[in-house]
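Just so you know, we're using our numbering here: the sequence shown kicks off at 1 and counts up by one.
Rather than coming from a laboratory, the hints here were simulated on the basis of the structure.
There could be a bad hint or two in this list.
As the list claims (entries may be wrong) - Straight line, CA to CA, 20 Å or less: simulated EDC-like cross-link-like pairs of lysine to aspartate or glutamate: (1) K113 to E70; (2) K2 to D44; (3) K19 to D95.
Claimed, not checked - Across the chosen pairs, the derived CB separations fall in these ranges: (4) P89 to N110: 14 to 22 Å; (5) Q3 to N110: 35 to 43 Å; (6) E34 to K113: 23 to 31 Å; (7) R141 to G59: 37 to 45 Å; (8) Y74 to W99: 24 to 32 Å; (9) M1 to D35: 19 to 27 Å; (10) R43 to V136: 15 to 23 Å; (11) G134 to G107: 37 to 45 Å; (12) G59 to S133: 35 to 43 Å; (13) V132 to L24: 47 to 55 Å.
Built from N, CA and C at the ideal position, the CB exists for glycine as well.
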Amino acid sequence: MKQIAQESYPEVAQLEQVKGVGTLIALTYVLTLEDPRRFRKSRDVGCYLGLRPGRRNSGQSEPQLHISKEGDPYLRTMMVQSAHHILGPFGADSDLRRWGLKLAERGGKNAKKRAVVAVARKLAILLHRLWVSGEVYEPLRNQRVLTAAA
């Protein structure tokens, strides 16, 4: 499968730079989204995959709802599995992992679950950004910027 993906879809190698994203996830991502230019902003990918909270406004309150679950359920499941790997004990140190762990520490009964879905959404956005721009992935980009400023 890896060989077929490399021959037919060279963008898969670009997405595999992120630790926690393998050939299957990258290939599923590319085949599901088809054309990266169909989204004006990379943030729209998170909504397309159903990884954003639902909305119900009454004018006075805005309750926190479950994710919308729109889009491809298989790719959404794979993104969540990848987020579990990134946040788990075997995940490589990166800005995404640090952000997710900080989110999980906020407390509450469901903080870890919320953090996993938030990391999955951010991962989908990151993969789209890498695919569109063709940039090399820097896992500790924010850390490098902070040390350069100091």
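Verification of the supplied hints:
1. For the hint pairing K113 with E70, the CA-to-CA distance comes to about 18 Å; that is within 20 Å, so the pair holds.
2. Distance restraint check for K2 and D44: the Cα-Cα separation of roughly 28 Å exceeds the 20 Å cut-off, and the hinted pair is therefore not satisfied.
3. For the hint linking K19 to D95, the alpha-carbon distance of about 12 Å falls within 20 Å, and the restraint holds.
4. The hinted range of 14 to 22 Å is satisfied by P89 and N110, whose Cβ atoms lie roughly 21 Å apart.
5. Hint check: Q3 to N110, Cβ distance near 41 Å, so the stated range 35 to 43 Å holds.
6. A C-beta distance of roughly 30 Å is found between E34 and K113, which places it inside the suggested range of 23 to 31 Å.
7. Distance hint check for R141 and G59: the Cβ-Cβ separation is about 40 Å, which falls inside the suggested range of 37 to 45 Å.
8. At roughly 25 Å, the beta-carbon separation of Y74 and W99 lies within the given 24 to 32 Å, and the hint holds.
9. Checked against the given bound of 19 to 27 Å, the beta carbons of M1 and D35, roughly 22 Å apart, stay inside it.
10. Restraint check, R43 to V136: a C-beta distance of roughly 21 Å satisfies the suggested window 15 to 23 Å.
11. The hinted window of 37 to 45 Å between G134 and G107 holds, with their beta carbons roughly 39 Å apart.
12. At about 40 Å, the CB distance of G59 to S133 agrees with the hint of 35 to 43 Å.
13. The beta-carbon spacing between V132 and L24, approximately 21 Å, falls outside the hinted interval of 47 to 55 Å.
Hints 2, 13, counting from the list given before, are not met by this structure.
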